[in-house]
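Protein chains in written order, with this note's numbering: chain A, 1 to 112; chain B, 1001 to 1114.
Treat the hints with care, since some could be wrong.
Unchecked claim - When the alpha-carbon atoms are kept at most 27 Å apart in a straight line, the in silico DSS-like pairs for lysine-lysine are as follows:
#1 B:LYS1042 x A:LYS68
#2 B:LYS1042 x A:LYS24
#3 A:LYS68 x B:LYS1068
#4 A:LYS24 x A:LYS68
#5 B:LYS1068 x A:LYS78
What the hints assert, rightly or not - Output of the computed footprint for chain A on chain B, the stretches with three or more beta carbons under 8 Å from beta carbons of chain A:
#6 1081-1089
#7 1103-1113
Read the hints as simulated data drawn from the structure, not as lab findings. Glycine included, C-beta positions come from ideal geometry on N, C-alpha and C.
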Amino acid sequence: DAGVIQSPRHEVTEMGQEVTLRCKPISGHNSLFWYRQTMMRGLELLIYFNNNVPIDDSGMPEDRFSAKMPNASFSTLKIQPSEPRDSAVYFCASSLRFVGYTFGSGTRLTVV
Amino acid sequence: KQEVTQIPAALSVPEGENLVLNCSFTDSAIYNLQWFRQDPGKGLTSLLLIQSSQREQTSGRLNASLDKSSGRSTLYIAASQPGDSATYLCAVGMIKAAGNKLTFGGGTRVLVKP
């Protein structure tokens, strides 16, 4: 298995633009998680899905953030409109029920 | 709300010395606890997973203990090597409705000097 695959690896965009981050979880995993990592706040859970259903989105900072999981092999995290304070590394992770997590390599987002 | 704290935030040791990394959590009703390693600019790699019913897990030079009642876990790395330099994160798993929600500590940044 290729692990959790995230794209793009790096994204630089202008303030106000829409940004879409993509994630392909490990085949067979039924839970998917989106995290954001910054120097100031560390790793924060934004939202997680179980069997493609959003379970807890309390970590999504604002309505500008939205996430979808249309099927078991794909998820997106969208920011519209983007702001400079959204600059961070965004990680996707997947797991099989209560067994340990596997993280993707992350997307480094810079909003200028 | 679960809070996870890691002390110290940074640690520098000479090669060969044993490393002791601490993690504490406020809610002892955990499902499991994991230790991760993160290299600069990279994702997280799972090192050890301890179920709530276990007291420790070992993998090579790594040993992690768990004392659920006192809300503590310790990661020991024996005979440290420069390649062990990285940030180590502790994460506590709580069952929430469906799925295992992890809460992370702030990490301990380790530098092993040759």
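These are the hints, each one checked on the structure:
Taken as a hint, the LYS1042 of chain B and LYS68 of chain A pair is honoured in the structure, with Cα atoms around 24 Å apart against an allowance of 27 Å. For the hint pairing LYS1042 of chain B with LYS24 of chain A, the CA-to-CA distance comes to about 17 Å; that is within 27 Å, so the pair holds. Distance check on the hinted pair: LYS68 of chain A and LYS1068 of chain B sit about 35 Å apart at the alpha-carbon level, beyond 27 Å; violated. Straight-line distance between C-alpha atoms of LYS24 of chain A and LYS68 of chain A comes to about 12 Å, which keeps the hinted pair within the 27 Å bound.
As the CA atoms of LYS1068 of chain B and LYS78 of chain A are separated by approximately 38 Å, the hinted pair breaks the 27 Å bound. Residue count for the stretch 1081-1089 of chain B with a Cβ under 8 Å from a Cβ of chain A: 1. That is fewer than the three needed, and the coverage hint is violated. With 5 residues having a beta carbon nearer than 8 Å to a beta carbon of chain A, the stretch 1103-1113 of chain B meets the requirement of three or more and the stated coverage holds.
Checked against the numbered hints given earlier, this structure breaks hints 3, 5, 6; the rest are met.
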